[in-house]
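Position in the sequence shown (first residue = 1) + 497 = our numbering.
Rather than coming from a laboratory, the hints here were simulated on the basis of the structure.
Careful, some of the hints might be misleading.
Below, in silico cross-link-like pairs of lysine-lysine (DSS-like), each with a Cα-Cα straight-line distance of 30 Å or less [as the list claims (entries may be wrong)]: (1) K746 x K663; (2) K636 x K663; (3) K663 x K625; (4) K553 x K663; (5) K625 x K636; (6) K746 x K625.
Across the chosen pairs, the derived CB separations fall in these ranges [what the hints assert, rightly or not]: (7) G644 x F745: 31 to 39 Å; (8) L556 x S621: 39 to 47 Å; (9) D571 x G690: 17 to 25 Å; (10) I550 x A716: 24 to 32 Å; (11) R552 x H710: 32 to 40 Å; (12) M559 x H651: 18 to 26 Å; (13) R734 x R672: 31 to 39 Å; (14) P719 x G574: 27 to 35 Å; (15) A688 x I550: 23 to 31 Å; (16) A688 x D744: 39 to 47 Å; (17) R734 x G690: 31 to 39 Å; (18) L549 x P719: 45 to 53 Å; (19) R712 x G644: 12 to 20 Å.
The C-beta atom is built at its ideal place from N, Cα and C for all residues, glycine as well.
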Amino acid sequence: MGPTELKSMGIGVALGLGAAVSAAVGRKVATAAKVGQGHPLKHRALDLASGLIQRKYPLEAMSTYLNGLHMYADEMGRQVEASHFCIHLRHDLHQCVIFDRNAPDARLIGIEYIISEERFLALSEEEKRLWHSHHYEVKSGVLAAPGVPELAEHAYFMDLVTTYGKTFHTWQYDRDDFPYGIPQLMMGLTADGQADQELIRRRDSRLGLSTAHQRASRADIPTPEVAPGANPWEDGRTFQTRLEEMDFKR
């Protein structure tokens with residue numbers, strides 16, 4: 498390849514990188530404009546500058562997007578859609594932030610920690626009551642990784658099916674359009690007949706998913722035996738958070 502060809506290639510690469518950067522900046526500007534509607538102009542300008550200049554390392558490390566349903570730990574009838582964005586922090590620990598949907602103006606509604614079965618078995622009996630299993634969420638197809646090729650998704654859920662999650666929602670968005678109250682403990686579904694089918698239908702339609710197809714494609718994933726102590730609500734008693742007044746310690 499001669500100097501002329503190399504020069505042309507260099508110009509092409511530079512133009513391509515420039516176009517990519519421009520596109521990324523354009524997306525950030527468009528997102529900032531959408532999210533910032535109603536904000537004073539100076540606030541929107543500061544948000545845009547921050548988005549272009551500052552690195553957000555924890556956010557950049559979030560490599561997995563999962564969508565599923567959570568129910569309030571003390572009420573099966575209260576089920577909500579939850580979009581998880583997760584970091585595989587250690588071999589036995591994922592940490593996820595949860596939004597009501599995958600959109601620029603999504604509401605931050607909670608957090609979830611996901612641990613291995615080995616880690617769960619080492620917890621105290623009281624601590625175990627805060628955790629739920631993922632066996633049914635995976636096997637039923639209710640938990641999804643939108644946009645991920647089926648083979649890759651299948652491999653991911655082969656590992657996730659034996660894990661346990663501890664979830665708190667900080668925004669009861671099924672009731673209020675503002676994050677009132679205290680964080681609420683959430684649980685996962687464990688058997689057929691529990692899921693809000695209309696909620697699943699709307700989710701599948703919006704995201705282009707098929708829960709039934711996902712269920713069929715995961716039929717070969719072994720169903721693990723759930724460790725004692727998880728899913729405490731199945732015994733008729735459960736935990737839930739409440740606000741308690743107490744003496745201040747000086």
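Which constraints among the numbered hints does this structure fail? Numbers only, ascending. 7, 8, 10, 13, 15 and 17
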